[in-house]
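Asker: Starting from the known structure of chain R, fit chain P onto it as the hints suggest.
2 protein chains.
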Amino acid sequence: MIPTPMSILVVGSVALDTVDTPFGSADRVLGGSANYFAAAASLFEAASVRMVGVVGADYPMADLDFLAGRGVDLTGIEQAAGESFSWKGRYHYDLNSRDTLWTRLGVFAEFQPRIPEAFRASKHVFLGNIDPVLQLDVLDQVESPELVACDTMNFWIEGSRDALLKLLARVDLIMVNDAEARQLADEPNLLKAARWIRERGPKWVVIKKGEHGAMLYADERIFFVPGFPLESVYDPTGAGDAFAGGFMGYLASAPTIDTTALRAAMVYGSATGSFAVEAFSVDRFRTLGIGEVARRVDDFREMTFFEHDTSTIHG
Amino acid sequence: MIPTPMSILVVGSVALDTVDTPFGSADRVLGGSANYFAAAASLFEAASVRMVGVVGADYPMADLDFLAGRGVDLTGIEQAAGESFSWKGRYHYDLNSRDTLWTRLGVFAEFQPRIPEAFRASKHVFLGNIDPVLQLDVLDQVESPELVACDTMNFWIEGSRDALLKLLARVDLIMVNDAEARQLADEPNLLKAARWIRERGPKWVVIKKGEHGAMLYADERIFFVPGFPLESVYDPTGAGDAFAGGFMGYLASAPTIDTTALRAAMVYGSATGSFAVEAFSVDRFRTLGIGEVARRVDDFREMTFFEHDTSTIHG
Numbered sequence: 001m002i003p004t005p006m007s008i009l010v011v012g013s014v015a016l017d018t019v020d021t022p023f024g025s026a027d028r029v030l031g032g033s034a035n036y037f038a039a040a041a042s043l044f045e046a047a048s049v050r051m052v053g054v055v056g057a058d059y060p061m062a063d064l065d066f067l068a069g070r071g072v073d074l075t076g077i078e079q080a081a082g083e084s085f086s087w088k089g090r091y092h093y094d095l096n097s098r099d100t101l102w103t104r105l106g107v108f109a110e111f112q113p114r115i116p117e118a119f120r121a122s123k124h125v126f127l128g129n130i131d132p133v134l135q136l137d138v139l140d141q142v143e144s145p146e147l148v149a150c151d152t153m154n155f156w157i158e159g160s161r162d163a164l165l166k167l168l169a170r171v172d173l174i175m176v177n178d179a180e181a182r183q184l185a186d187e188p189n190l191l192k193a194a195r196w197i198r199e200r201g202p203k204w205v206v207i208k209k210g211e212h213g214a215m216l217y218a219d220e221r222i223f224f225v226p227g228f229p230l231e232s233v234y235d236p237t238g239a240g241d242a243f244a245g246g247f248m249g250y251l252a253s254a255p256t257i258d259t260t261a262l263r264a265a266m267v268y269g270s271a272t273g274s275f276a277v278e279a280f281s282v283d284r285f286r287t288l289g290i291g292e293v294a295r296r297v298d299d300f301r302e303m304t305f306f307e308h309d310t311s312t313i314h315g
Numbered sequence: 001m002i003p004t005p006m007s008i009l010v011v012g013s014v015a016l017d018t019v020d021t022p023f024g025s026a027d028r029v030l031g032g033s034a035n036y037f038a039a040a041a042s043l044f045e046a047a048s049v050r051m052v053g054v055v056g057a058d059y060p061m062a063d064l065d066f067l068a069g070r071g072v073d074l075t076g077i078e079q080a081a082g083e084s085f086s087w088k089g090r091y092h093y094d095l096n097s098r099d100t101l102w103t104r105l106g107v108f109a110e111f112q113p114r115i116p117e118a119f120r121a122s123k124h125v126f127l128g129n130i131d132p133v134l135q136l137d138v139l140d141q142v143e144s145p146e147l148v149a150c151d152t153m154n155f156w157i158e159g160s161r162d163a164l165l166k167l168l169a170r171v172d173l174i175m176v177n178d179a180e181a182r183q184l185a186d187e188p189n190l191l192k193a194a195r196w197i198r199e200r201g202p203k204w205v206v207i208k209k210g211e212h213g214a215m216l217y218a219d220e221r222i223f224f225v226p227g228f229p230l231e232s233v234y235d236p237t238g239a240g241d242a243f244a245g246g247f248m249g250y251l252a253s254a255p256t257i258d259t260t261a262l263r264a265a266m267v268y269g270s271a272t273g274s275f276a277v278e279a280f281s282v283d284r285f286r287t288l289g290i291g292e293v294a295r296r297v298d299d300f301r302e303m304t305f306f307e308h309d310t311s312t313i314h315g
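Top to bottom, those sequences are chains R and P. All residue numbers for the first sequence refer to the UniProt record's numbering, where the first residue is 1 and numbers rise by one. All residue numbers for the second sequence refer to the UniProt record's numbering, where the first residue is 1 and numbers rise by one.
Hints in this document: simulated from the structure, not taken from any laboratory. Ideal Cβ positions, reconstructed from N, Cα and C, are used throughout, including at glycine. A hint or two may mislead.
[As the list claims (entries may be wrong)] EDC-like mimics (lysine to aspartate or glutamate), calculated; alpha carbons at most 20 Å apart, straight line:
no., chain 1, residue 1, chain 2, residue 2
1, P, K203, P, D219
2, P, K203, P, E231
3, R, K192, P, D219
4, R, K123, R, E187
5, R, K203, R, E231
6, R, K192, P, D137
7, R, K88, R, D58
8, R, K123, R, D73
9, P, K192, R, D58
10, P, K192, R, D94
11, P, K123, P, D140
12, R, K123, R, E143
13, R, K123, R, D99
14, P, K203, P, E146
15, R, K192, P, E231
16, R, K88, R, D219
17, P, K192, R, D73
18, P, K123, P, D137
19, R, K192, P, D140
20, P, K192, R, E143
21, R, K203, R, E187
22, R, K203, R, E146
23, P, K88, P, E278
24, P, K88, P, D65
[As the list claims (entries may be wrong)] Rough simulated footprint, nothing fancy, chain R against chain P, three-plus residues with beta-carbon under 8 Å:
no., segment
25, 41 to 49
26, 106 to 120
27, 163 to 172
28, 254 to 266
[Said to hold, decoys possible] Listing some non-contacts, in silico: residues in chain R with all C-beta distances to chain P over 10 Å:
no., residue
29, D20
30, D131
31, E143
32, G213
33, E231
34, S253
35, T260
36, M303
Chain R extracted, bound-state conformation (with noise of 0.2 Å):
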């Protein structure tokens, strides 16, 4: 028996990105948060992907051809008269610093979420990093979700902390990088921060260490995946919202939403987020399997496997 597809409902950017690394550069290539999160998700079979975004009148359709291949459902992708969102970043020699040369939010500057009919009974949802005001909004549209979990940065910690304190009291998980979690804690501590972040809301609390790594805080109890070591990365640009994808794509196929689910879901997202800067855009999961995934959470399992046997150290 075929089990049913879990709905996962993405809301987030669909942008133009123009990147410039020390290996090469890109042109107005697909990128943005839900872009990159429904490739990564859709790799999962028990996935059943909804994408939610706006793009302009110059927007190349054809190239979310991949998507809907995968079975992601486009129908929320509004396009609206105007210019997509763009971008152009360059990133340093040792690609852990970017320079964003200029930003033009265009459609984006005036999206309002609106979720089809056929998208409001999704099981799991994905908040990608938009005003809080609007994953607010999105979350009076859905029905009774099962699970939901968002992202969000500095821009919004700083600019609508409100709207973030009040949708934090909303969701049961939160995404953010160590950098997000200390300023939206005040708490330079991370283990202070995330239990102050624990208080208000969130039952669970991923922070992302970029290269470093990620760490899931789940009831008094940390769980910690290490960055895969890449000998090249092309492009480290989605690394984020591919991780995000790879973790709600695996508890899709999670028959509960608890702590060893969770916990792999951590090491699912870390591996799909290390494909995604082996390229360019969402370019690697053109390519990719699940098997390719499957096999990276094995080796994230040797990389961590000690055995000790403490009889010999007390001599």
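Answerer: Below, chain P alone, put in the same frame as chain R:
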């Protein structure tokens, strides 16, 4: 039968530290790589630790009694006329960066390690962070050790590169932090930097990443241990040397030095390093027992453990 203890020779600095942190300060307390190393390594019953270093006439020798009480052989500590090596540092709010306010090398400037006759047959040797010319000189004084490990720093990478490259050809293992590994290999990618270093001699490369954990490069495989998450870090000074001490102390109890032993050593080192920062100076080691260290090793295992059932993700 009680096994014969494994002899570990450590050569390094024996200093007086003055440290300001956001949580308090400590004035002219025990510090230096050899002290931290010995405090951690001597926790292991199988390790018989021998220290070589130099102090000035002003050194509070009685403060070393607790190391002697742990079985550390201090006969290699030379007390010379003059001032002890001392420095003052101030940590910033997040404890990740430090300003060195002053450094007085004192008798350490003229340090010429003399390995006592009784120490020359030491089985394991740890060359703390001193001039690679002196590290080489130590190796000329010891008789066929089974394991030689060294530390170094940016100062020697820049200023004593030739000696350092000679040293690399004669050590089995090097421990450096991530910035040092990149600088030594002139390569931003850590995987490539580790390979470059291994091609120059050391079979094993340990790269320490502070709060982000540590990595072991052995054969073509990587082992990763996260930083232990602590709510209260009082003083990060000496964490790296306490890591080295726990690492080498554990290996003293290992039947053979192989990948299995080195992986466990990484976790024991991370555990002792994480205890070091819970108090000023080597103070945490005054009360710490090996049982607590082993429990933290179990915590590390729990922090990285996950299960995944690939049958579910294939639908």
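Asker: Go through the numbered hints given earlier and state which of them the structure violates, listing their numbers in rising order.
Answerer: Failing hints, ascending: 2, 3, 4, 5, 6, 9, 13, 16, 17, 19, 20, 24, 26, 27, 32, 33, 34, 35 and 36.
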